[in-house]
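Undergrad: Take the given structure of chain A and dock chain B to it, following the hints.
First to last, the sequence lines map onto chains A and B. 0 is the number of the first residue of the first sequence in numbering that gives the first Met the number 0; add one for each residue after it. 0 is the number of the first residue of the second sequence in numbering that gives the first Met the number 0; add one for each residue after it.
Certain hints may be false.
[As the list claims (entries may be wrong)] The list that follows gives simulated cross-link-like pairs (lysine-lysine, PhoX-like), each with its CA atoms no further than 25 Å apart:
{"id": "1", "chain 1": "B", "residue 1": "Lys275", "chain 2": "A", "residue 2": "Lys14"}
{"id": "2", "chain 1": "B", "residue 1": "Lys315", "chain 2": "B", "residue 2": "Lys192"}
{"id": "3", "chain 1": "B", "residue 1": "Lys275", "chain 2": "B", "residue 2": "Lys239"}
{"id": "4", "chain 1": "B", "residue 1": "Lys315", "chain 2": "B", "residue 2": "Lys275"}
{"id": "5", "chain 1": "A", "residue 1": "Lys55", "chain 2": "A", "residue 2": "Lys6"}
{"id": "6", "chain 1": "B", "residue 1": "Lys286", "chain 2": "B", "residue 2": "Lys275"}
{"id": "7", "chain 1": "A", "residue 1": "Lys14", "chain 2": "B", "residue 2": "Lys315"}
{"id": "8", "chain 1": "B", "residue 1": "Lys182", "chain 2": "A", "residue 2": "Lys14"}
{"id": "9", "chain 1": "B", "residue 1": "Lys239", "chain 2": "B", "residue 2": "Lys315"}
Since the hints were made in silico from the structure, they are not lab data. Values in this document were obtained by computation on a predicted structure and should not be read as measured data.
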Amino acid sequence: MAASPKKLTRVARGKRPVLFGDGEGDMFLSMITALTTELMVMRDRLDTIERVAAAKGVILKSEIDTFAFDETALAERDAARKALADRVYYLLLQQAERHKAAEKKS
Amino acid sequence: MSNRPFQHGMTPSQNHDEVAREEAVRVMRFHLYSQVSQGTRAYFTNVVAPEFAKAEQRPLTDRAEVRRVMEDKPYVKFHLSLQRSVQEVMWNTVIENIERQLPEMNGRAHALDRGLGSLSLDPALEVPRYVANVDIHCMPGGYGYDAGLDDSVAAGAIYDRGISMYGRGSEGFLGQSVIAYLKKNFPNLRPAKILDMGCTIGLSTLRYAEAFPDAELHAVDVAAPCLRYGHARAESLGRKVHYSQQNAERTSFADASFDVVISTILAHETSTQAWKNILAESHRLLKPGGVMVHADLPQFADIDVYSQFLFGNETKFNNEPFWSTFRAMDLKQAMIEAGFASDQCYLDIAEHTDAQQGMRNTKMAGKSPTGFGWGVQVGIK
Chain A
0 MAASPKKLTR VARGKRPVLF GDGEGDMFLS MITALTTELM VMRDRLDTIE RVAAAKGVIL
60 KSEIDTFAFD ETALAERDAA RKALADRVYY LLLQQAERHK AAEKKS
Chain B
0 MSNRPFQHGM TPSQNHDEVA REEAVRVMRF HLYSQVSQGT RAYFTNVVAP EFAKAEQRPL
60 TDRAEVRRVM EDKPYVKFHL SLQRSVQEVM WNTVIENIER QLPEMNGRAH ALDRGLGSLS
120 LDPALEVPRY VANVDIHCMP GGYGYDAGLD DSVAAGAIYD RGISMYGRGS EGFLGQSVIA
180 YLKKNFPNLR PAKILDMGCT IGLSTLRYAE AFPDAELHAV DVAAPCLRYG HARAESLGRK
240 VHYSQQNAER TSFADASFDV VISTILAHET STQAWKNILA ESHRLLKPGG VMVHADLPQF
300 ADIDVYSQFL FGNETKFNNE PFWSTFRAMD LKQAMIEAGF ASDQCYLDIA EHTDAQQGMR
360 NTKMAGKSPT GFGWGVQVGI K
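So that you can see chain A by itself, here it is in the shape it has in the complex (with noise of 0.2 Å):
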């Protein structure tokens, strides 16, 4: 297995605003900020694949319903479901982010 790549930062210094009460408001929004550019980012995957297959003239329906998957595959796809709810669930992420680092120091 790869080692897995350096961690990046995600958290930009300065203080964040809030505009909707305590913040809750605006973590929301971001969730939904983000899970927008989720769902384009599915419909251009399946745009692409009905394409790709069209322009092969295969018909993809009756093989979706009926794939099996084997151990690989699923643990792909568990992974990319992981990383969407990283994506998703940022701010949050970047919280505990902040949390860990307040730790450190006291």
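TA: Only chain B this time, still in chain A's reference frame:
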């Protein structure tokens, strides 16, 4: 992928979804700065300002007052909160892609160096606080970010992909405006030596290389990861630029070294004293008859009160601590104090180029023929 815009030797590898994610963020940004933003302006113009005028029996003319009446309105809150989130998602998208290949990119930067231009780094340089202590544009880690790796291009790679999401053909767009301005207003200018101050990764710098192919081109910045990246990028594109890690407030170049001294969107990321120092350094470095052009966003005096409010938000929402102070600064007086004769320095507007059509959202108050543009500080020695 074929739908990717401008590519060069330092372009990171991107799979289908990484390209799609960048495209999605680009569309989200465009949607925010067109649709959503227009809604806020219309709300101000058609609802909030008339209501204020009716209640107070006077028009709204002060940006602090605009802020007070606008900031608690739900639509405005959603607009500003969304602006921050889109900016963050943009950086997350970029960082996730760069993270998986940064060591390879660091190595690639070395390999691309074919000695066309040069790169001179100064590890002992004291990086000024206005760069070292702030993550401008909310870019995690800031301009000097190296991710703890040697010979790192981290910040440069992250910045480049971020800028690419401002719009297609956005690389060096500000430099294009400066070139158009110079060619229009100084048609006889044939510079032998040009200095680009605060060049970051040299997006505008390479535009100068294209526009003035006979000139010896120097570019300085304080951030080593950006310079390493910019140098490799220039080498891969066959552009000859001499990059050096220097503070534009005080460089090592001799007096009267340059025919043209330029910067683009550097000023508002410095400080009052630093900007005065940079103007004085520009004057020192110019040959007699040489031209200084520093381009930035327009001064508050040049934009309507709503735009003042909208852009003033950048200070708080996009980590631009000097933004509002700079835009209220007396720049003509600062140029005179820097050594320029009062009839040889002035403020002007450099028109946006076609590539910037999709990005603009500032309504100028009539000073520019097209209604849009960059504020330029011009001095002739």
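Undergrad: Now, for every hint given, state plainly whether the structure supports it.
TA: Against the structure, the hints:
1. Pair hint lysine 275 of chain B plus lysine 14 of chain A does not hold up; C-alpha atoms about 28 Å apart against a cutoff of 25 Å.
2. Between lysine 315 of chain B and lysine 192 of chain B, the direct Cα distance comes to roughly 38 Å. Violation of the 25 Å bound is thereby established for this hinted pair.
3. Between lysine 275 of chain B and lysine 239 of chain B the CA atoms are separated by roughly 30 Å; this puts the pair beyond 25 Å, and the hint is violated.
4. A distance of roughly 24 Å separates the Cα atoms of lysine 315 of chain B and lysine 275 of chain B; the hinted pair therefore holds under the 25 Å criterion.
5. With a C-alpha separation of about 40 Å, the suggested pairing of lysine 55 of chain A with lysine 6 of chain A is violated against the 25 Å cut-off.
6. For the proposed pair lysine 286 of chain B and lysine 275 of chain B, the alpha carbon gap of about 19 Å is at most 25 Å, so the pair holds.
7. About 9 Å separates the Cα atoms of lysine 14 of chain A and lysine 315 of chain B, which keeps this hinted pair within 25 Å; it holds.
8. Under the criterion of a C-alpha separation no larger than 25 Å, the hint pairing lysine 182 of chain B with lysine 14 of chain A is inconsistent with the structure, at around 43 Å.
9. The suggested pairing of lysine 239 of chain B with lysine 315 of chain B is violated, with an alpha-carbon distance near 38 Å, which exceeds 25 Å.
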